[in-house]
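J.: Please take these sequences and the hints and turn them into a complete structure.
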Amino acid sequence: MAKMNLLQAINSALDIAMAKSEKVYSFGEDTGSFGGVFRATSGLTEKYGRHRNFNTPLVEQGILGFANGLASQGSYAIAEIQFGDYIFPAFDQIVNESAKFRYRSGNEFNVGGLTIRTPYGGGIAGGHYHSQSPEAYFAHTPGLKIVMPRNPYMAKGLLLSAIFDPNPVLFMEPKRLYRASTGEVPEEEYSLELGKADVVREGKDLTIVAWGAQVEMAEKAADKAAEDGIDCEIIDLVSLLPWDAETVAKSVMKTGRLVVTQEAPLTSGFASEVAATVQDKCFLYLESPIARVCGLDTPYPLCHEKEYFVDHLKVYEAIKASMTY
Amino acid sequence: MAKDKQHQLEIVTEPKFIDGSALKIPMLQILKEDGTVQKGAQVPELDKELALKMFDTMQFIRILDERMIAAQRQGRISFYLSSLGEEAASIGSAAALDDGDMIMGQYREQGALAYRGFTVEQFMDQLFSNERDLGKGRQMPVHYGSAELNFMTIASPLATQIPQATGYAFGQKMDKSGTCTICYFGEGAASEGDFHAALNMAAVYKVPAIFFCRNNGYAISTPSQGEQYAGDGIAPRGVAYGMKTIRVDGNDILAVYQATQMARKLAVEDNEPVLIEGMSYRMAGHSTSDDPTGYRTRDEEDAWRAKDPLARFQTYLIKKKWLTEKDAEEIFAEKKAAVLAALKKAEKVPAPHIDELINDVYDTPPQQLKEQLEQLKAHIRKYPEAYPKTASRIDGGEK
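Protein sequence lines correspond, in order, to chains A and B. If you use our numbering, the first sequence corresponds to residues 640 to 964, in order. If you use our numbering, the second sequence corresponds to residues 4 to 402, in order.
It is possible that part of the hints are untrue.
[Claimed, not checked] Straight-line alpha carbon distances no greater than 30 Å define the calculated DSS-like cross-link-like pairs of lysine-lysine that follow:
hint: 1; chain 1: B; residue 1: Lys179; chain 2: A; residue 2: Lys659
hint: 2; chain 1: B; residue 1: Lys392; chain 2: B; residue 2: Lys351
hint: 3; chain 1: B; residue 1: Lys373; chain 2: A; residue 2: Lys920
[Said to hold, decoys possible] With the Cβ distance kept under 10 Å, some of the chain B side facing chain A (calculated, not the full set):
hint: 4; residue: Met204
hint: 5; residue: Asp363
hint: 6; residue: Thr367
No lab work stands behind these hints: they were computed from the structure. Where a beta carbon is used, it is the ideal one built from N, C-alpha and C, also for glycine.
T.: Here it is in C-alpha cells:
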C-alpha cells in the first residue's frame, strides 16, 4: 500500500498496464514526455519510449479515429482527451465507430482494446469549457462502457479493468479530485469489476445514488443528515453503462426513499434514467417522490459556480424534503 | 540568401503570395483510352495469370453491380451501391497488395473485396441480410466485411475509416508485421475533418498506410470541381501534409496497379505513407436512391463512357493475345450465371435468429439487454403475424 492521490493512482495503473503488455499505447495532446496537462502520463515516455506513450497533433477526432484503428488491429489504445469539454469533435468516432464496431461487423472486428480517458467536472473555476460533465451524451450509446471513479483506490483498479476489458470504455476522471483526493492504494496490479455499483455506506432511511466526484457531496450530506438522526445508504454507481440497477433497486426496496445527485444539468441527465428505472422496479416501495439533485439547465457558469454547484447542502435539503414528504 | 535559423526558412524582402494553383500535379497514364500503351510508358510487370484474375474480377463486379441494381428495382433487396466505371481503381490497387495487408474501404470497393476472394455467395448473403451474412444482417446492403480476408467492415459515415487506417497502420508498424493498410475514400469524403486528421497524423507518425482517393467527380449530386474544392483536387493536400503523393488515371488499371505497387514498397519498406488520387467517374448514380439525370448531362456521361476501364483493359489483353473476344464473352456469361444462381439461393435463406439482436453490442450481453430481449420475444409470441421474419422460429431456432 502507498498513499496516492487520484492522479498518481491513474499513473500507476497506466504504468502497470504498459509493463504488462507491449501492445498497450498511451497518447493524447501533450501526454508525451511532458506527461499531460495534469501529469497523468508522467514518466511513461521515459520508461516505455516515445512510441508507446506519445503526443498527438491537436485533433480530437483524429485521436479517436487513430485509437479506433489501433484497437481494431489488436492493440490496447489508451486515448486521453485533455478535457471532457473537448471530446465533442470526437463524438462521431466514439458514438458511430467505437460503440458499433463489434455489432456492425457481426463480431468480425472489435475495438475492445480502446480506453478513452478524460477529466470531467467542475469546482475548479473552469467556466464553460473546463467544467462540464458530459456522461449522459455517451450513456445513450449502446456498445460503450462508462466508468467514473470517486477516489484513488477505485480509479486504479477500475482503470486497469477498463484497459483490459474486451469492450471500449469511456473512463471519466473527476478532475476536482485529481490532487484533492488521497488514500491508500496497492502498488501492485488489481482490478475492480465494471458494471457493479458500490454500497459506500449502509443505512435504512433513505438511499442516495451518486457517481464520480459527486459521491463526496453525498457523503457530506449524509453526515449532516445523521446529525438529524437520518440514516442514509450511499451507493456509488461506479459504472453508468451498463449500470447496476439491481443494487440500487434492492436498496430502495429497503429504504423506500431515493435521492439521485449529479453535477450535470438536470434535464435528460443520467439521474433521470436512475429515477425512471427505480420507479418502475420499486413503485410500491416508494414512500416519497424520487428526488434529482442536479446542476441547473444552464451552461456551466464561472462567477456563479458556487451557487450553481451541486454541493452537500443541496443534497441535504433533498434528503430532508424526502423524509418529511 | 538570408535564413531564419529557427524555422530553417529563406528570408525574402518582397511580399509575394504563392498562387493557390501553383502546384499542378500531373496524372500517370499507361493505357490510353483506346487500350494502347502510352508512348514512353513503362508497363508494370504483370504475368498472364494475374492479368486475367484482374480482368475476371472486373467482369464479375460489372455483372454483380448490374444484376443487383435490377434486384433492387424489383424490390428483392432494399438498397445497392454500384461501382460502375470505377472497377479499375479498386481492383488494380487491391491486386498490388499482399493478402496480409488491411483494406479499409468507403463503400464502393466491392472490386477489392472480390479480388481478395469474397465469394459470390458471401456477397449475396450480405446483400440479402440473411443468417449466413458475416455481418449478421445488421447493416444495409454493400456494408461488407471479413476478418479472414483482412477487409474491414464498411460503415456508412464518411471518412471515419481514414484516421482508423492511420491507427491500424501504426499497429502494423509497431508489430513489425511487414504489412500495410490501404484506405479508400472519395473526393467528397476528403472534405471531412477526419481526412485531414488522418493524413497529418500518418505523416507525423510515418505509418505504412496508402490513402487511395477515388476522385469520381461527384459526391451524390455535388460536382467535385468548384463545389467540393477550389484547388487542384485532392493530391496537393498530400504534399502539404509532407506525404509522398501521386495522381493516376483511375480508369487505367495498369497505372493504378503500378502506382499502388510502388506505394506499397514505400509504405512497408520505408514507413512512408502515400496518397494516391485516382481520377475516375461514377458512371452509376450515387446509389439506387439517386437519379443522376437531375444534375448531369447525357453528353458528360457519354464522354466518360469512352474512357471505360473494362473495355480499355480488355482491348489491351486482346492485343497481347492473352484473351479473345470470345473468352471475354464466356467469362461474362459464366459470371452472370453464378450471380443469378447465388441470388436465387440467398434470398431463400432466413433472416438471423432474433436472439442475434442483442449479441455483439458488448462481448457478452448485459442483464438489461437480456431482459429487453425476453420482453420483445413475449411480444412477438403474442402478435406472431406482425413479425413473420422471426416469429415462426422464435422458440427452438438455433442461436
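J.: Each of the hints needs a verdict: does it hold here or not?
T.: Evaluated hints:
no.	hint	verdict
1	Lys179(B) <-> Lys659(A)	holds, 19 Å
2	Lys392(B) <-> Lys351(B)	holds, 12 Å
3	Lys373(B) <-> Lys920(A)	holds, 16 Å
4	Met204	holds, 5 Å
5	Asp363	holds, 5 Å
6	Thr367	holds, 9 Å
Of the numbered hints given earlier, the model fails none.
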